[in-house]
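As you go down the protein sequences, you meet chains A and B in turn.
By the working numbering, the letter at position 215 of the first sequence is numbered 215, and the numbering carries on one by one without gaps.
If you want the working numbering, it's the 1-based position in the second sequence plus 314.
No lab work stands behind these hints: they were computed from the structure.
C-beta atoms are modelled at their ideal positions from N, C-alpha and C, and glycine is treated no differently.
Do not take every clue at face value.
[Claimed, not checked] Now the stretches of chain A that chain B is said to cover, found in silico as 3 or more residues with beta-carbon under 8 angstroms:
#1 47-55
#2 94-100
#3 265-276
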Amino acid sequence: MDLFTANNITKRFANHTALDNVSIAVPEQSIFGLLGPNGAGKTTLIRIINQITGPDEGSLFFEDKPLTVAHLEQIGYLPEERGLYKKMKVGEQALYLSQLKGLSKSDALKSLKYWFEKFEIQAWWNRKVEELSKGMQQKVQFIVTIIHKPRLLIFDEPFSGFDPINVNLLKDEILNLRNNGATIIFSTHNMSSVEELCDHIALINKSHKILDGKVKDIKKTYKANLFEVEFSGFRDNLQTILSPSFDIKNMVPDDDTIKATIQINDSSTPNDLLQHLLPHVSLHSFNEIIPTMNDIFISTVNHYETTAEDLKNN
Amino acid sequence: MNKIFLIIQREYLTRVRKRSFIVMTILGPILMAALMILPAYFAQKSDEVHTIAVVDESGIFYKKIPDTDNLKFTYITEDINAAKNKMGKEGLYAILYIPKPAYSVPSHAMLYSDKQPSLNVQSHIRSAMEKEVEHLKLQASGINEDVLTSIKSDITLASIKMGEKGNEEKSFVEVSMVLGMVAGILIYFFIFLFGAQVMRGVIEEKTSRIVEVIISSVKPFQLMMGKIIGVALVGLTQFLLWVFLTIAIMGVFKVSYPDKLSKPKTEQIMPNNRVDQTAVNTYQNKEAHLNDSLGIMEAISSIDFGVMIGCFLFYFLFGYLLYAALFAAVGAAVDNDADTQQFMWPITIPLLFSIVMAQHVVNSPDGPLAFWLSVIPFTSPIIMMIRIPFGVPFFDLILSMVLLVLGFAGTTWLAAKIYRTGILLYGKKVDYKELWKWIKYKG
């Protein structure tokens, strides 16, 4: 079931269209990656979900019910442009922001105590925010985002400002939250974290959604049946021992061994390739080359740009 | 509604707990009290009696210059040089030297002193001498001084305002003027002081990037109104604390030093030979004096303080509210304090204009200028407060109040549109054209 859906969202500003007929569906208890180059319209979409701005066209649903202000208490949002009141005390501020999300004072205090201890920042409760390091401020910010146990969490570049140790801490927490039932929309440029965390993605470019689906499915569609073979004991032209259904894309000698990238065409299987190779070479490794999200991101965006250009030129 | 209360509470508490607020709250009344007490205190402070030796070569001023509380005149017969030598030894404050006149009466005199004698001393001596010379001249020309005194006239003009129901009230222009101006200027400062606080608060939220976190929980309008109301309460708190503390300090001072604040004695001890006339004079002075203070009392009691205080609070609050929304919009449109200038003039000009026009309004509180300025919402908070002590027709007052409330709704509606877009926009140079676009955005 989808916890959140946005249908045919269009948002125009005075000089440009930020979102053009964009639809997304976020399945419950999943991590949904919202990807796209800078200025693609991700932040606008996120602000529409948070009801900071309204769409010009389209409809939004939370659990199949039209999105209303009352849903805000079930949404937690960590914006990319984030900060805290510098002169306010950490604890007081965390309490204030929790209460704004609808928690009672006593509930907020109880949960804050738990999270402050978990993140080992309880000693900073009575300090002013400006005395905290950037990383610690980010921890406080993360805590107040999730404090009201929202069903939908939206993280916009959550890892910026964290050191690698804290990035891992945060990734673990995000996975924990998902495992405990939360649904997460996750916007980032960091593709390796998308691979690690996301179950679904939507790729937005120039206000259009150009790709979406399960990460596994997308990778499957984007793989080109390429295999990397590392072998030794054969120095002649490899193509002579292979049938025409195998294309050698690349061959690089590496000390004693040779690395070859081979594409398997339609009807053949990796096993066929191995059968051709095994009588002639001593095999060191055999791997399928699966495209990274980074590759998919770049190639999809570039492909979209060229088609858009072609359309313009015609 | 609960959330806007949380915002108001935060805005209020963080400001009230600031060191600068506490310092201002304590220093303000001390300064105010000092302004009222010190002049009176110092006027009484010079209790020391100075002795001035008079060397009168003309011989006509002997015992004619009256002593005062802190001036004592001794008449010596030595010549001026001997007197000068004696000055230091005998602790004389000054020597008044009246040289022998070339003609019948002296026209000049010298006051020798090692310090600069105060203006009070100088004018006291001069007027005493002038009076004596006039007296002599009158006698010489054969005019009886009693006749002259009886000719001197003193008219008190009381202006009576005819009320609508035929009742008559005395009007007291000076008191009304002072009250109105004080109220108007207070409102002017309040708007600027606390309007600027709203603006800085918005800029702080924008530059610290907390604003997007907050408006994912509440509507931008709630955040803006929460801030405006919170700051208004801070302003009211400060104002009331000032009033109470000033009264308290004055009270304590009055109890501790009751004599220091009593009115300085104005009567003068007159030489014996003119007892009759001076008695008459003193009596007349006293009567005039009595009239004055009675007049002020009457003037003060003639002003309807219920209306005055009620109106003051109304214009104080709504004047602030009208402008605070605009201040918030300016804060939202810029990235830092330095950029606020270009958007400040639409706020500054009507307020400054009100203060500049205040004098005209005082001179003609029922004229067309006063009427229009006191109904237009941008100038009415100041101008109407200036008019109120003079008495304002009921219709004008209601019209002005209704328009002010509508004006407040209007500026807030407009400001909210600018605010909503502005707070989420960073690093963009904004001009009036841009603001107009923001106002036209929908939803």
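Point to revise | Ascending list of hint numbers which this structure does not respect | key: 3
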